[in-house]
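Participant: Chains as they are written, first to last, in this note's numbering: chain A, 4 to 439; chain B, 4 to 439; chain C, 4 to 439; chain D, 4 to 439.
These are computed hints drawn from the structure, not numbers from a lab. One thing to keep in mind: the hints can contain errors.
In this list, chains with the same sequence are indistinguishable; a pair is considered to hold if it fits within one copy or across any two.
Once the Cα atoms are required to be at most 30 Å apart in a straight line, the calculated DSSO-like pairs of lysine-lysine come out as [stated by the list, open to error]:
| hint | residue 1 | residue 2 |
| --- | --- | --- |
| 1 | K359 | K406 |
| 2 | K119 | K181 |
| 3 | K406 | K83 |
| 4 | K119 | K386 |
| 5 | K269 | K359 |
| 6 | K83 | K181 |
| 7 | K142 | K66 |
| 8 | K359 | K68 |
| 9 | K90 | K128 |
| 10 | K119 | K396 |
Protein chains: 4
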Amino acid sequence: MGLFDTFFYAPDSEFLFSDEQVIENFTRFEIALAKAQASQSIIPLEAANVIGQVEVSLIDIEKLKNDLSLSGNLAIPFVKQLTSLIKHTDHEASKFVHLGATSQDLIDTATCLQIKAFGHLLLNKLTILEHLLKALTTKHRLSPMIGRTLLQQAKPITFGFKTAGWLEAILLAKTRIKQGLQEVLILKLGGAVGAGNQFVTEQVKLEMATELGLKCTAGAWTQGRFAEWACILGVLSGNLGKMAKDIQLLMQTEVAEVSEGSAIGKGGSSTMPHKRNPVTSTAIIANANRIPNLVATMLMAIPQEHERSAGLWHSEWETLTQIMRLVAGSVEKSIALIVDLEVDTQRMLFNLEQTKGLIYAESVMFELAKTMGKAAAHEYVEKACQMAIQQDKHLKEVLADKKLDNALFEPINAIGNSLAIIDQICKDSGNEFEKK
Amino acid sequence: MGLFDTFFYAPDSEFLFSDEQVIENFTRFEIALAKAQASQSIIPLEAANVIGQVEVSLIDIEKLKNDLSLSGNLAIPFVKQLTSLIKHTDHEASKFVHLGATSQDLIDTATCLQIKAFGHLLLNKLTILEHLLKALTTKHRLSPMIGRTLLQQAKPITFGFKTAGWLEAILLAKTRIKQGLQEVLILKLGGAVGAGNQFVTEQVKLEMATELGLKCTAGAWTQGRFAEWACILGVLSGNLGKMAKDIQLLMQTEVAEVSEGSAIGKGGSSTMPHKRNPVTSTAIIANANRIPNLVATMLMAIPQEHERSAGLWHSEWETLTQIMRLVAGSVEKSIALIVDLEVDTQRMLFNLEQTKGLIYAESVMFELAKTMGKAAAHEYVEKACQMAIQQDKHLKEVLADKKLDNALFEPINAIGNSLAIIDQICKDSGNEFEKK
Amino acid sequence: MGLFDTFFYAPDSEFLFSDEQVIENFTRFEIALAKAQASQSIIPLEAANVIGQVEVSLIDIEKLKNDLSLSGNLAIPFVKQLTSLIKHTDHEASKFVHLGATSQDLIDTATCLQIKAFGHLLLNKLTILEHLLKALTTKHRLSPMIGRTLLQQAKPITFGFKTAGWLEAILLAKTRIKQGLQEVLILKLGGAVGAGNQFVTEQVKLEMATELGLKCTAGAWTQGRFAEWACILGVLSGNLGKMAKDIQLLMQTEVAEVSEGSAIGKGGSSTMPHKRNPVTSTAIIANANRIPNLVATMLMAIPQEHERSAGLWHSEWETLTQIMRLVAGSVEKSIALIVDLEVDTQRMLFNLEQTKGLIYAESVMFELAKTMGKAAAHEYVEKACQMAIQQDKHLKEVLADKKLDNALFEPINAIGNSLAIIDQICKDSGNEFEKK
Amino acid sequence: MGLFDTFFYAPDSEFLFSDEQVIENFTRFEIALAKAQASQSIIPLEAANVIGQVEVSLIDIEKLKNDLSLSGNLAIPFVKQLTSLIKHTDHEASKFVHLGATSQDLIDTATCLQIKAFGHLLLNKLTILEHLLKALTTKHRLSPMIGRTLLQQAKPITFGFKTAGWLEAILLAKTRIKQGLQEVLILKLGGAVGAGNQFVTEQVKLEMATELGLKCTAGAWTQGRFAEWACILGVLSGNLGKMAKDIQLLMQTEVAEVSEGSAIGKGGSSTMPHKRNPVTSTAIIANANRIPNLVATMLMAIPQEHERSAGLWHSEWETLTQIMRLVAGSVEKSIALIVDLEVDTQRMLFNLEQTKGLIYAESVMFELAKTMGKAAAHEYVEKACQMAIQQDKHLKEVLADKKLDNALFEPINAIGNSLAIIDQICKDSGNEFEKK
């Protein structure tokens with residue numbers, strides 16, 4: 004386990020990125036290739052069967068890593084070891100390993116298999132997060148709190164309205180991930196320069212793609228499809244970062260409207276025994292500060308030279324893996340954050356009164372605008388607000404002579420269309436699987 | 004005109020990002036809002052009519068710019084000026100300007116209108132580029148050249164195969180832009196904190212969206228949709244950069260297979276009268292080195308605080324505009340690059356012989372593998388290649404005793420499935436409008 | 004004036020980046036080159052004199068911009084126009100314009116002249132900011148406030164301690180800028196491939212560098228020196244962003260310890276007449292979200308091909324200018340922010356009591372640790388804090404039986420070494436000009 | 004060992020970033036703190052002695068990693084384990100562990116200790132690289148080759164001139180790293196909010212800093228010093244990338260002037276037995292595409308909230324480590340690249356003739372300019388060049404009637420001041436240790 008695995012990453016997803024899983028995906032590629040070639044009578048069926056039964060655990064991973072330094076990619080020493088393993092069983096079959104394929108075919112397709120498994124796991128995690136956010140939204144549909152813009156108290160909303168915004172972003176992410184998987188899960192099989200050859204025919208591609216649950220495109224390689232996938236994860240990370248940042252701001256001592264769930268030893272400070280620091284949200288925000296620049300590297304890697312790059316392609320390997328691992332961590336942490344979130348609706352009500360009614364200025368202005376016009380009402384209310392501030396009075400008092408309805412100063416009457424928006428998003432959540 | 008407008012940007016698209024056009028889009032927002040509110044009897048129809056006839060050219064843009072320093076966004080002084088203009092015509096109507104809307108509604112919707120016009124123009128430009136690339140591909144379907152990987156000669160392809168790869172990226176970009184426009188062109192109308200109010204109802208939103216040719220979502224604002232749009236443009240820029248880089252590499256004095264079209268004064272050096280420098284491709288590559296990091300800024304701007312950010316939102320404004328302007332430039336330059344591209348098929352044939360047959364090693368190996376198995380054939384051919392190099396002989400000679408068919412050493416027989424791939428991509432190009 | 008010039012940029016620095024100033028710097032290069040060459044008898048003194056009197060205002064900048072599209076850089080059409088202008092005066096002299104120099108010599112040296120003027124202006128602005136921060140620090144040396152970590156109240160500091168931290172960053176920036184100017188202000192004069200020639204000798208370089216107030220290095224061009232300059236500005240922008248973010252957080256309605264100065268029309272909201280939004284700090288934070296990625300582009304531009312890049316060099320031009328313009332804006336806005344900053348020391352005292360003494364837990368713990376040991380004291384105080392929270396009592400009450408000195412609960416006694424640190428930084432500020 | 008350690012990283016530097024080394028650095032902090040506090044009679048000397056003899060290997064690192072998830076940083080569980088270990092030996096001493104310090108003190112100082120060891124190792128590696136490049140430069144001081152700008156043949160240089168440019172960048176990097184270490188190696192010791200306390204006095208800081216070989220500053224923490232260090236490494240990475248890119252371009256089949264050293268199994272292709280792919284340079288270029296964006300993350304992490312950030316600080320941890328590990332890899336690979344570089348001076352001479360004398364156009368032009376003036380000579384030579392191209396003649400032939408000296412067409416006479424520049428850089432290399 005890496006030093007920071009439990010903090011920035013999702014320990015239960017790490018196996019997808021393990022050395023063993025990489026080798027497993029490599030092996031799946033070679034087996035599917037042989038099988039597809041056998042189905043087209045390009046290689047003997049017996050050879051494909053032998054290849055299909057190779058004992059992947061016999062691959063010496065440490066040797067692979069050492070050989071990488073000279074080979075420049077993992078495919079070359081892997082194919083060498085695989086061929087050698089098969090030769091032990093069946094000398095003839097070993098002649099048909101990796102036939103007509105090139106290193107990038109193997110490596111990029113294995114990455115697709117990794118993405119596929121990761122995408123499945125990510126969607127499951129996001130569905131959990133979706134359900135948690137939907138429940139939280141439903142629970143706090145009518146819990147008034149202040150809406151804040153530019154870090155200033157603005158107008159009332161409900162806490163459910165805020166969480167519905169977070170939920171909407173998760174719904175969007177799920178849609179994008181599903182769309183994205185359709186576009187990124189593409190068999191790479193082009194041979195030396197991407198143009199195929201007699202062993203790597205259109206038919207072999209189709210058979211092999213079906214076997215691996217991938218799609219085919221005409222051209223062999225990228226066009227930035229891995230970068231597109233990285234972009235989707237980058238947007239998701241940003242939205243999780245938004246949720247975490249909102250929570251951190253609401254957790255501030257002076258605001259105190261929500262709090263990360265407490266646990267023994269959680270969020271303690273080594274020097275301040277009383278503190279309950281944000282911990283889970285902190286990890287999400289840290290990841291959100293790292294992922295956009297990793298996405299930039301993926302975009303920078305698109306302009307590859309000729310039929311295969313000497314460096315840009317290689318810069319994608321660890322970067323894409325890093326993005327996926329960090330995003331898995333952010334989603335995992337988001338689940339932990341929401342499942343344990345403590346909400347103090349009393350404090351929300353208390354904070355709504357901190358401006359002594361100034362947050363109702365817009366409602367009042369709209370009310371007065373009906374008779375005075377918007378500009379005049381704006382000016383009038385602005386003066387009233389200044390007076391309220393100067394005299395430290397409640398806005399209601401200052402405007403006493405306008406005989407305004409008291410209900411204008413009740414938060415639940417000042418939440419605009421919050422409830423309709425909440426309901427729409429919750430409905431979208433229910434329908435999300437039916438939607439395209 | 005900015006100092007570098009003719010080099011990095013597309014002069015014919017710059018008007019979309021002009022001060023005047025920004026004000027025009029702002030005005031369209033306010034007119035559509037008033038119209039929608041009138042249709043719902045929220046404001047008088049007369050007022051909407053007066054607002055609809057405002058003379059936008061009377062807006063004092065220089066004053067706007069000066070006021071921005073205090074207001075913090077352009078919407079506030081714009082609404083002030085607009086209201087004042089309308090007040091001159093009709094005092095009553097002026098009360099109904101911008102009713103219930105907030106600055107971000109205006110600014111972000113205006114950005115959507117800008118994106119819409121830009122997207123239309125971009126698709127048109129890309130269609131021109133598509134047609135040029137398709138014609139180039141068709142012309143050079145059978146022009147053999149060497150395929151290169153890791154900057155080394157690898158195996159033959161045709162030039163049409165290479166350009167088909169560029170074409171495929173453009174087809175993908177068009178699809179993504181169409182999809183992206185569906186997702187990004189969303190009316191922003193949420194009022195102060197995004198929750199709407201009595202003037203900004205669901206019905207007003209729908210009417211107004213229809214009027215402006217935009218869509219509605221439940222929540223008012225982002226969830227990173229502008230960042231998603233930036234990502235699409237980032238991938239496109241990368242793929243144009245790939246094309247430009249290929250061309251620059253092929254233009255090298257020692258390769259000389261293609262050349263940017265010449266024009267009087269083009270690509271001249273101030274000290275080397277003989278040089279014909281790449282100019283057009285240079286601009287595309289420069290842009291491709293800038294755009295990914297601008298996209299990163301858009302992604303970094305997603306985690307906005309509460310209901311509106313104090314800074315991250317603002318960092319999007321110029322950044323998104325810059326991305327669009329640069330991408331327009333890259334597409335414009337790509338058209339110029341392809342329309343004038345000079346292709347030297349003789350030189351391509353000449354270069355194919357530079358390795359004295361070594362590039363046919365794979366074909367030979369595959370041929371020998373039929374009888375020797377892949378591993379043995381690999382080893383055998385590797386030795387033959389070394390001998391050819393050491394003795395400075397043609398591979399054909401070294402392998403003379405294998406009595407290989409001469410056709411194995413003809414480039415057109417060594418291009419794998421290049422033609423089928425070309426034909427598929429050209430067919431996709433034809434069908435592209437029918438496709439989803 | 005650009006649309007956002009008064010918001011993100013410093014209007015009083017914009018002239019440094021104007022078209023006219025670029026041409027002015029270009030002209031200074033050519034005049035200094037001719038003068039240096041004349042001093043070495045490489046060209047006639049008369050020619051140098053004629054070149055030295057060229058009327059730069061006659062350069063047709065619009066034509067330059069148009070020609071750029073074909074020339075690929077501004078130097079080529081500029082030299083053409085300049086030569087033509089001089090030819091009108093003195094046909095013979097025109098033969099000696101730009102002799103032996105190349106476009107990159109001209110462009111990159113002109114950038115150095117721009118950086119030099121900018122650096123001077125930036126240091127002046129930073130000195131103003133330094134004095135303002137020093138005055139603010141001195142004024143609030145003894146104004147207690149809560150220190151916050153991880154957005155939670157932690158332990159008392161003084162406001163002067165916080166501002167001293169901001170000041171320290173400005174002192175560091177000034178040192179770095181001075182060091183950086185020493186390293187970046189280097190005459191570029193290498194001729195076609197950087198190796199010089201008979202017109203561009205070591206002696207010419209030395210004369211010309213002296214004339215322009217630049218240094219020489221052995222090699223002609225980059226090694227990333229512009230990127231180094233960008234990095235220095237990137238760090239400065241980050242530190243200004245830190246100051247702006249602190250202020251925004253302290254301005255929150257619920258915290259209200261400081262406020263941006265008010266002005267008519269400043270920070271108003273179009274829908275909430277009572278709001279006083281952060282405006283100045285918002286611009287600084289927006290810039291801080293953009294600059295790091297522009298710096299990344301400068302770093303990405305370092306690995307240039309051979310003796311001059313076809314694209315990476317070009318990507319530096321607008322990027323470096325943009326970084327300087329944005330940083331000038333951030334410094335300008337920081338001055339405006341600090342000069343008008345309103346500080347509410349009463350509210351600071353009020354907020355210090357919000358945790359009912361919990362912020363003194365460390366002081367108490369340290370006091371108790373003297374007798375109980377750190378671990379036991381930590382545990383004991385942790386329990387006391389929990390009890391205080393559960394029973395909603397002041398920590399003082401809960402610990403009543405420990406008979407602690409009341410002074411332990413006075414903020415000014417809990418500020419650690421704040422004052423010594425403040426004094427040291429203020430002293431460093433005074434000595435800053437003497438320091439290297 | 005990580006999957007890609009032998010490719011992107013320097014296996015012999017990895018131990019600096021191992022879990023064990025992190026714990027070792029943590030322990031050094033605590034021992035030095037106790038020792039410094041004992042020297043000031045703040046804690047008993049006996050306690051400091053006991054702490055100084057703690058058996059660090061007893062720390063349960065796996066438990067640390069697990070606890071991180073709740074604690075949010077490694078310092079908290081580390082201090083807990085350390086205290087517990089010491090309690091086993093001496094209950095009294097355990098009360099004085101980590102007294103007055105905070106997590107960031109421990110973590111950031113440990114990072115400084117890591118940087119210190121890394122900087123030392125990096126400088127050693129760079130010195131090796133410097134010597135290799137100096138030797139290569141000396142060897143090829145007089146080996147003519149073509150200089151290339153914008154990927155076009157321009158004018159002759161020598162290979163030693165090119166490598167002197169690489170060497171100059173290494174000299175610069177060494178200077179910067181030494182300067183950078185002076186600025187980054189700063190003891191962090193501020194206690195809870197950075198203001199110190201009775202256990203963390205100025206005197207304790209000074210003693211402890213001396214013990215650890217670090218410096219002190221007035222303020223406790225960042226001001227972006229880690230980001231500055233990252234920037235220095237970013238520039239170095241760019242310059243190594245430039246060297247690697249030059250080599251890759253020179254290795255192209257059609258250029259073939261240099262080649263990575265061959266080794267059994269190195270650079271082989273899985274499908275093209277004849278290929279000798281760049282491998283070592285590929286890793287350097289891949290790293291150069293990743294590091295700038297990691298630097299951007301470090302810059303983005305500067306604007307930290309209040310006295311300690313909840314997320315930005317955390318985003319630095321793995322990012323800074325990653326930058327150092329990748330840079331160590333790039334330097335290691337650069338050494339391997341240069342030590343084995345094969346240079347084909349014959350091919351360089353051959354390539355110099357590819358333009359049939361056009362590369363001497365500038366020399367000719369300068370010669371003619373003596374009599375005709377620059378503009379006329381430029382025009383005349385331009386026409387001659389066009390004629391040479393059209394008639395496929397050598398420029399010498401076309402200009403026969405000008406009776407130019409044949410020596411004008413010898414490369415060694417057209418290298419400008421290459422040799423003087425080489426000699427200056429080699430001299431700087433010798434003097435580098437004396438220079439500031």
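Participant: Indicate, hint by hint, whether the structure satisfies it.
Facilitator: Here's how the hints hold up against the structure:
| no. | hint | result |
| --- | --- | --- |
| 1 | K359 with K406 | within (17 Å within a copy, 40 Å between copies) |
| 2 | K119 with K181 | both (10 Å within a copy, 25 Å between copies) |
| 3 | K406 with K83 | between (88 Å within a copy, 29 Å between copies) |
| 4 | K119 with K386 | neither (60 Å within a copy, 41 Å between copies) |
| 5 | K269 with K359 | between (36 Å within a copy, 22 Å between copies) |
| 6 | K83 with K181 | neither (36 Å within a copy, 45 Å between copies) |
| 7 | K142 with K66 | neither (56 Å within a copy, 37 Å between copies) |
| 8 | K359 with K68 | neither (66 Å within a copy, 35 Å between copies) |
| 9 | K90 with K128 | neither (43 Å within a copy, 43 Å between copies) |
| 10 | K119 with K396 | neither (61 Å within a copy, 48 Å between copies) |
Violated hints for the displayed structure, listed by number in ascending order: 4, 6, 7, 8, 9, 10.
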